[in-house]
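Listed below, chain by chain, are the residues.
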Amino acid sequence: MDVLMPQLGETVSEGTIAIWHKQVGDAVEKGDLLIDVETDKVATEIEAPVGGVLARIDVPQGETVDVGTVLAVIAVEGEVVEEATVAGEVVEAKAATPVAPPSGLPTKNASEKLSPAVRRLLKQHNLQISQISGTGRDGRVTRQNVLDFIAQGVASPKSEIAGERIPFDRIRRVTAAHMVKSKATSPHVLQTIDVDFHRVDKSRLARKDQWKADTGYSLSYLPFVARAVCKALVEFPRINGSVDGDALVLHPQINLAIAIDLNFEGLVAAVTRNAGGLSVSQLAQSFNDLVTRAKTKKLTPDDLQGGTYTLSNPGPFGTLFTAPIINQPQVGILSLDAVKKRPHVVETAAHDAIAIRPIGILAHSFDHRAIDGAYSAAYLQRLQSIIQETDWHSEF
Amino acid sequence: MAQLSYREAVSAAIAQEMRRDESVVFLGEDIAAPGGVFKTTEGLLAEFGPLRVRDTPISEQAILGAAAGAAMTGLRPIAEIMFSDFFAVCWDIVVNQIAKTRFMSDGQCSFPLVIRSANGGGARFGAQHSQSVENWAMAVPGLKVVAPSNAADLKGLLAASIRDPDPVLFFEQKSLYGMKSDVPEGEHVVPLGQAAVVREGTDVTIVALAAMVPRALKAAETLQSEHNISAEVVDVRCLVPLDTTTIFSSVSKTGRLVTVEENPRLCGWGAEVSSLVSEELFWDLDSPIVRVTTPHIPLPSADTLEDAVMPSPARIVENVLKLAD
Amino acid sequence: MAAAANAGAPEEETRLELYRLMQACRVMEQRAYDLFMQNLVKGTSHLALGQEAVAAGFGAAMRDDDYTFCTYRGHNHTLVRGVSMTGILGELMGRECGLLSGKGGSMHLMDVDKGAMGSYAIIGAHMPIAAGAAWSAQYRGSGQVAVCFFGDGTTNIGAFHESINFAAIWNLPVVYVCENNLYMEYTPISAVTAVENPAADRASAYGLEPVVIDGNDADVVFAVAQAALAKARSGDGPSLIEVLTYRHGGHSRADPGKYRPDEEVAAWKERDPLKIYRARMLEAGIDETAIVGIEEEQAARVDRAEATARDSGPPPLEIADTDVWADGSSRWRN
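Residue numbers (this note's numbering), protein chains in the order written: chain D, 7 to 402; chain C, 181 to 505; chain Y, 1018 to 1351.
Honestly, the hints are just simulated from the structure, not real lab data.
C-beta atoms are modelled at their ideal positions from N, C-alpha and C, and glycine is treated no differently.
Where hints are given, some of them may not hold.
Some chain C residues close to chain D (C-beta under 10 Å, calculated; not the full set) [claimed, not checked]:
| id | residue |
| --- | --- |
| 1 | E227 |
| 2 | G435 |
| 3 | L461 |
| 4 | W463 |
| 5 | L465 |
| 6 | S467 |
| 7 | D505 |
Next up, chain D with everything else stripped away, as it sits in the complex:
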């Protein structure tokens, strides 16, 4: 029985064999751990689909192959396993003179049509296909597209800069490519608003100790902001959308992603699905679960797919605000930095007074193709009111 590289997430097309846990000739039982596999952002495991003897390994450790590739063969009792046939897809030249190509074979879409010339250039210049826009038929990336990209100097040639060299690992490379592409795709505008968190604090501080005792982790501002965002997005649905060609597609539900730093070794945005239906405590639990799993590399590919809006919370470091980069294909991202006690003017009918209030700045980067400043500003204003005026006790 063949062991195949599985489809590890909706848009994942390839994976790398990180570690082989078995050798040719080993007996395996169904469910035994065979391989550690890495994709763009996640490490996952492949188990033996059947019991038998590992008869053949076709892809060794360290190699990256497409989804569906035969990685190994397990000989089930009595089965004879042949030598592997020559690897490598044969691209048949199907063009007969006036006749259409034969049917029965799945046609590839543009993102799968990487010609040999393109593949070679990508490899030679250490590029990712995701960095390059295609102007070929159906959006295919052509050889000329890659050559033009290289000519622009965007690719990093062998540098003459002195100093210790830290090569990009897979996550770094993917992140770098995504960030470049995001900035190249969306015209980013930064808008900020300052928010008074004292009402949130009433609730938060009251529950803080019990929460910590019950769950083992602290109740932060993030789930409160997340709840407020979910409410606000209902009223400003365009921000929960994606640009598709000439249209803005409004997502039917809010899948809220949070940015998680992996001990300075990388960044992931993990998704809580249908966040609009969750309470503050449910959001907090979801976030904690995601963070924990992120830090122990236990996220699944589906944890990383399908987000519609992202929250970034570098708060613990005390920063004022951040201009975050949009997580494509979303159209907005909100950063909550530190919430700090500040002197704050409180207006009453009678007079203006100064109070000490916990103030945090919400910084919103939005895609100006999809929405304009007024819409975003209105959204931020609504967010501010929600955070400042909600009776948070009832949101748990």
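Fit chains C and Y to the known structure of chain D by using the hints.
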């Protein structure tokens, strides 16, 4: 330079070589007194006499057998097979005797002969007088195969073929016989095994042979003027020996290959070129390789039918556009 | 059948030479048979045991620079041109010392230096080639003659007719020799030919004299060969000679020849050319010791040839792709 037609270039080349080498002799049906059914060999009998320029009976096996026997015993014969379709009548002499004997004899003898023949369609002669069969010859080890696309190349390549110490099958495309163009006067020899880039370009390489070369050039003009596609056209000239260097360097530059072949679809010469490029230049290809050929049918005789099935400039353009991005 | 009685008797030296040639052919072909049975000769082999007088008669009459063209049953025709027996046996055995270094095999023996211009495996194909060699000789005025040997079966193939017509109209110095051994492979020639004498009865179709002779009588063959060669050499054109003979073995080594009646085989074996000639030489007063000397000499020769061939190794693998072209290579591309 002189303006010569493709057919006139034949006798020009033969005369050039017969003047310089007495061992060159010429035999075939209606080639001497009548000057050739396509009027390709007029004047040769008058200049060189009946011992060197000889009419034969309709006996293709005898014609080629005699050429073989003479070649292995000191002469340099040129034999004509009137229509290349007739090679089928005497194919044993070509492929079993001429092509193989040097090898089987461990190099004891050689066959410095040329077999010229009128090849291909476009003349409305019907299926048995119109096929392009240079691909049959390409498939046989021991034969050199030449197919010029213009008068100057014909003169030069025929001269080189006559001087070549090995058997050469020299295919003259009958549809080109009337084409006039500049031909160098005086001694003109074009070495075998050299393709020619007849039009430079950057977006796609069109490799063509013989009568398909002018059509490829017309297609290239249309591609440039109407579609802003810059096509490079390579005239293969010799199938064996094959100038892979020139073809490869063109495809490496453009990343795209289209062949234009007069042969029927299966196992036309372009299939071999396509295979070589896909094997050795795989990483340079930015699109699949496309072959433009006559469909896999005998050629029909009605003019409209024949024109519709042979590769036309329009069909070449259409096929290049299929590859365009 | 033309009688031999009045053939001008050759001189003793010539007779001994004829006998030597026939004996050499006989022992070589028999040894080839033995080696085949020991699986040292691979593939197939077509032996001409019983037909020695034809090759010997012409071999003795030809000029050194005349051309021979023969068929796949051509070991004898090649040997009689002075070609090395070691080379022939070595070639049959696929050894490096083979005449063709193992590249041609039994059916393609050739030694251009000796005028042996090839043995040809396609029926009739060598007939126009022989005409071409004759044309070349005529053109160059060298006086060389081409002799072309073929079997009765060949007379029904197209190339036979094309070649003889061609040679006749151009008056070429070629001698076409049809060895009629009564069987076209496994079929009696009479069953598949519209006329009784497959070659001679076609001669007049090409303006040539019909000639049928006893192919087992070396003196007759020799005399007729001399006449035909002289005719061609003097510019009087081609001849077609039908020679009646018989093969002792089957068509090829794979064939035991069981389709021939036993009495027929026995009768022809009585008329074994070597037997006949030996008796005739003794009758003519030639010393038997000279005869025995030839027999012993050829016996020793074939033993030496076999031993040398056995000692020779297989051809080096590198020669497999050499000599397709005149420059020694097989390159078809740059």
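Against the structure, the hints:
1. E227: violated, 46 Å
2. G435: This hint holds: C:G435 lies near chain D, its Cβ roughly 5 Å from the closest one there, short of 10 Å.
3. L461: holds, 9 Å
4. W463: holds, 4 Å
5. L465: holds, 5 Å
6. S467: holds, 7 Å
7. D505: holds, 4 Å
In terms of the numbered hints stated before, the structure departs from hint 1 and from no other.
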